[in-house]
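These protein sequence lines are chains V and P, in that order. Position 447, counted from 1, in the first sequence is what the numbering used here calls 447; the numbers after and before it change by one each time, with no gaps. Position 308, counted from 1, in the second sequence is what the numbering used here calls 1308; the numbers after and before it change by one each time, with no gaps.
None of these hints come from the bench; they were simulated from the model. Idealized CB from N, CA, C, for every residue including glycine. There's no promise every hint is true.
Claimed, not checked - Covered, in the sense of this in silico footprint (three residues per stretch, anywhere, with C-beta under 8 Å from a C-beta of chain P), are these stretches of chain V:
| hint | region |
| --- | --- |
| 1 | 65-72 |
| 2 | 81-95 |
| 3 | 317-331 |
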Amino acid sequence: MKKTYLLLAALLLATGLAAQNPTAYFMEGSTFRSQFNPAFAPLRGYINLPGIGGMNVNLSGNIALDNILFARDGKLVTLLDSSVTPDQALRNLKTNNLMGLDTRINILGFGKFTRNHKNFWSFDVNLRANESMNLPKSLFEFLKRGQEGSIKNFGAATEAYLEAGFNYSFPLLNDRLYVGIRGKFLAGIARAQVNYDQFDITLQQDRWGVVTQGTIDMTVDGASVEPDPETGIFEFGDIDYKPRKPAGYGFAVDLGATYDVLPNLQASLAVNDLGFISWNKNSTVTGVSTQTAEFTGVEVSGSGTETAPDFDFEMMKFTQTESQNTSKMLRASVNAGLEYELWNHWVGFGLLYTARFWEYKTMHNITGSVNFHPTRWFTLTGSYSVLNNRGSAIGLGLNLCPGWINFFVATDLLLTKRTPQWIPIKQSSANVTLGLGIPLGKRSHRIAAYIRENDRK
Amino acid sequence: MKKFYALILLCVVSSTACVDLEYDLSKVSTDDIAIGDESSQFEVPLLKVYISMDELNGTDGDAIDEIFNEADIWLPSQLDQDENGKYVLVQQLVENSEYVNQVLSALLDQMASDSEKLNQVASLLQEKYYAEFSSLLPGISAEEFKAEFIRQYTANETLRVLLNEKIEELARGYLTGLEVSLPSLTYSVDRIDLSDDVVDMLIENLDGKEVAEPKNTLHMAGTIDNRLPVSITASPVFTPTEVTFTTQIEANRDGNILPETRLFAEDLQTIVRGLTIEIVVNIDKYYPDKGFDRYPETSQPQLAINLHLIKRGALKFDL
């Protein structure tokens, strides 16, 4: 039981960091922008500073930190603390409490316009890490009220991989349509998934029982497990691994397009991360948890007593099963945008819809933004996002790309109440996008307002 | 450029202003994690003690049903009655001669008017007490005893008085010698199959004896199903703890409620490691018309003690 909660706590805290940042979508000039839509391009070729060339951290879900942690007498306690009443703890929880974390760190990146200043190619290597989890309310009802019942769809999934992508975008229809495609080779580092389809708890006077139906599978190079020789059971912590090489390979594409509906009105659409990773069965440990345990009291009679294994709520015990090659689809996302420019491209108004397909649910986001770009090297963006028809976030973004540096930062954490560790307290999403690079090579001729006189030659 | 600096300044100010120091994640406390709250109540099964007829014996090894088989014949039909039927107070039979006199008087009255009762008594005398009547009914063989006893008892009023005196003597001897207290029943339990984690959840936040109005408490409670036609007072002792209670158990009734007995942390820790249950049984009332039901012995015990724990307040555990 304790280990279960340790796992829960670890997952909660790990998820407490911070998805695609909608504020950064309309941030013209940002070298990161082509990650949202491969048809986008920066204003000039570039080379990213290794490691800090482009980082994006996105947390999204339907619960906020203050639904999980509570300030009590100068301390910060979890919703499981005895000082938090069941009503306080359960009041803001949803039927399914979802959290997803998506991190992308650019390790290497560079891009260049071709001779016509409109076709653009880039190459980047990114470290990607995703995590998603679902904690059903019934789990917390059990924990806070001691209320027995059936807990379903309880689980967590995480994966990390390296992606090496080549992106190419080019104009069509007399420059009104830009089409972009990014092909990505993927090298899987690790993945793990724990799911419980059934977790039934009975707390009756004459019977305490637990029935679990769950699976675990973990893939990482060198993964192995030695189950208890007597019981054949292993626990999560028993899995050993020695990663020296990728545990799987895959391929994915990003597809995107922009279309100038009117001279100042651009529509954009992208589908990203359409692909899969095939994980190696030799690097996979798989197990099932089919525990049925009950305690009805010890029966005593003149003929003695019968003992049974100690009753426990421990559910993180698995029986190893044969591993198989597993192909896992990436978490695809859809970005659909509309931006209208005014006053010779000084101000733009944007509307963005994003959908991201998490392990347990598709998360939707609608963002409105105002984008100031009084000069070609400076963009300031303000955004307001509505998340899954609930919660909201105000974001700010800045892109500076004078001749010697590319710098962009965008976040929705600046104006929201947050922890000293920069975790939003009342907001159920958090986004940080940050990058630093050096402009190189030809400038873009895609935006007429920004074309320099000496570039026209 | 001034606007740019103002923007930077705004960012710095807002990044500082929106920090809530109460939510410093480095100060998360997980010391007081609990399931439920003060108003919660959890019930946990603990023990089921099944007592069969073979275990309910008198001091000389006679089964309880055999002991009361003879009593059934000595007891008249006219007895006090409650909702379960006519009964005799066993304790009073042993200790109260006045009460015994009333019972025996009723017996003799019934024998004079009820041929079936007379027949039952005659059968018992023939079977067990034939020799006691050699002076009153001389020269009667054992085989002829019952018929001759009934004939003389019915026809010879003078002899009947003498026979009644002998019957009264025999009945008194038996009824006053009934065993009120059965030899104690002892059961050993190697261990209770609850994990340390579950036990810790139950005991970690219990209020101590010194707390005037405890909210986090643990009690032993339960029921007793009694198929016997006797009401009893049972006093189980759970050694090596000092936990004990005494309870009245009605005859022929399932679900006799046991009193809640408070346990402390060390009590439960001791109990789950193994215990001996010694049960002292005192018989209070006997319901002759209900009869003992020895069979089917295997499917239903005569006494079934169902014990469970009641934890009031939250279940505590460390994260």
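Each hint tested on the structure:
no.	hint	result
1	65-72	holds (count 4)
2	81-95	holds (count 5)
3	317-331	violated (count 0)
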